[in-house]
Amino acid sequence: MDEKKIKIFQATLDVLYEKGLAKLTFEDVAKKAKVSRQTLYKYFPYGKDQLLAEVVSFEAFNWLKDLAEHIDLIEDFESKTVEAVMYAHRSLKEHKVLNKILSSEPEKIMPLLAQEGIRVVTFVELYVVNQLLARGLLTRVKAELAAEYIARMLISIVTSPGSWDLSDPAQVRTVVRGEILSPVLMEYKDTKNVL
Amino acid sequence: MSTIVTKVPKAWVVENPADGDVILNYSGGDLRKLQIINATKECLGRFGLTKTSVDDIAKESGLSRATIYRYFPGGKDQILRSLLFTEVINLKKDIAQAVSEVDDLTTAILVVMKLSFSALKHNRALSFILTHEPEAIVSYLSFENAERLYLEVGSWGEDIFGKFTTGDSARRLMEWLARVILSYFVAPNDSFDFLKEDDLCQIVESFILPGLNFILARG
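Note that the protein sequences, when read in sequence, are chains A and B.
By this note's numbering, the letter at position 124 of the first sequence is numbered 124, and the numbering carries on one by one without gaps.
By this note's numbering, the letter at position 138 of the second sequence is numbered 333, and the numbering carries on one by one without gaps.
One chain only, chain A, in its complex shape (with noise of 0.2 Å):
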């Protein structure tokens, strides 16, 4: 991606968060990124409407990125998991541009998130397969659908938390242990498991 569209959306997070949603315009982001506007409208020839889906985008690709390196040098899958939703959690919750608007505008956020949701779920649903694959886990098939519902309740749970408090490793290794690894608990081998 090239330098100044990086600039751009850096520009765009920060009137975001000055202005809001509703409030920003291509002349706020064009003067914040010292841009013109003709620059931003060969970018974004659809408009702030364009700008906005793209930046969020770009922060949601960010965002996965940093998560798989965090977690990439944990071995053992269930500790890669556990990890993998506090840090998620964490970065969330400390994502000052979206909580803001979370908080202020929510219906004009939720449904780009919403759009940028499914492909989250299908990233981290190639993760979870390639994971479940390459440990031998289980069946090319089998760890398709496997991983589509792991993927689903890691979002799940790490977006809406309900009674669990994500800041502690002891609920987060509950919840995975139980909810989110259940297709994969048989073939994973843990001796506390009883059937």
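Do not rely on the hints blindly, as some may be mistaken.
[As the list claims (entries may be wrong)] Examples of chain A residues lying across from chain B (beta carbon under 10 Å, computed):
1) V56
2) A60
3) L64
4) L67
5) R90
6) L102
7) M110
8) L112
9) I118
10) V121
11) R152
12) M153
13) G162
14) A170
15) T174
16) L185
FYI, nobody ran anything at the bench for these hints, they're computed from the structure.
Backbone N, C-alpha and C fix where the C-beta goes; we use that ideal spot for every residue, glycine too.
We have chain A; now place chain B onto it with these hints.
Showing chain B alone in chain A's frame:
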């Protein structure tokens, strides 16, 4: 007055429990709320989630905007939350009844899932929204709204599964099922149909039972 009475559904109106304001009395105010909620359901089934306005609801219910805001000062958002919880509480009664007639936990789980998916499928408002504005459902039923739902549904755990397992496991199981049901409802997977016995059994056996046995073994 008699026309309002005949439209009264079987459940009372329930405010978002998180606000600590559960209405269970059969009073004039509640009848009005029910009237508004029923009108909202009609509008959602006809216009969808985004296009339904308080004016539409006013017209459908025969009440003024002022009246509607008097009962729901939070406007459309608050009405939608009440509608959601009212529907959900109605479902609880059906589920509790069905599970009381069942002898083992696995069957109870199957019953809960089948009834939930069936209720969701046959809800006209939801069907309309899912067909015409699926992203609206996803965005409405995520983050905080979904959390409130999970906490509420989780609290039924003991009532539904109490005879099979302890309070904590029951609550956990209930919240878990709510997550699975909600996730597969808002974004279905084409390879299985939760209303088909075989598919449902397969899902429960592959995805739920292993983890459940693990949860139960630890008490």
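How the hints compare with the structure:
The beta carbon of A/V56 is not positioned within 10 Å of any beta carbon in chain B (closest approach about 12 Å), and the interface hint is therefore violated. Against a cut-off of 10 Å between C-beta atoms, the interface hint on A/A60 is violated, since the closest Cβ of chain B lies about 14 Å away. Taken as an interface hint, A/L64 does not check out: its beta carbon lies about 18 Å from the nearest beta carbon of chain B, beyond 10 Å. Checking A/L67 against chain B by beta carbon gives a least distance of about 18 Å; that is not within 10 Å, so the hint is violated.
Look at A/R90: its Cβ only gets to about 16 Å from chain B, farther than 10 Å, so that hint breaks. Taking 10 Å as the C-beta contact cut-off toward chain B, the hint placing A/L102 at the interface holds, the least distance being around 7 Å. Hint status for A/M110 relative to chain B: holds, with the closest Cβ pair at about 3 Å, below 10 Å. The beta carbon of A/L112 is positioned within 10 Å of a beta carbon in chain B (closest approach about 8 Å), and the interface hint is therefore held.
For the restraint placing A/I118 at the interface with chain B, the shortest Cβ-Cβ distance is roughly 7 Å, inside the 10 Å limit, so the hint holds. At about 8 Å, the closest approach between the beta carbon of A/V121 and any beta carbon in chain B falls short of 10 Å, and the interface hint on this residue holds. For the restraint placing A/R152 at the interface with chain B, the shortest Cβ-Cβ distance is roughly 4 Å, inside the 10 Å limit, so the hint holds. Of the supplied interface hints, the one on A/M153 holds, with its beta-carbon coming within about 7 Å of a beta-carbon of chain B, less than 10 Å.
Annotation: interface hint on A/G162 holds; nearest CB of chain B at approximately 4 Å, less than 10 Å. For A/A170, the suggested interface contact is broken, since its CB lies about 12 Å from the closest CB of chain B, more than 10 Å. The beta carbon of A/T174 comes within 8 Å of a beta carbon in chain B, closer than 10 Å, and the hint placing it at the interface holds. Evaluation of the A/L185 hint against chain B yields a held restraint, the C-beta minimum of about 4 Å falling below 10 Å.
The structure does not agree with the numbered hints 1, 2, 3, 4, 5 and 14 stated previously, though it agrees with the rest.
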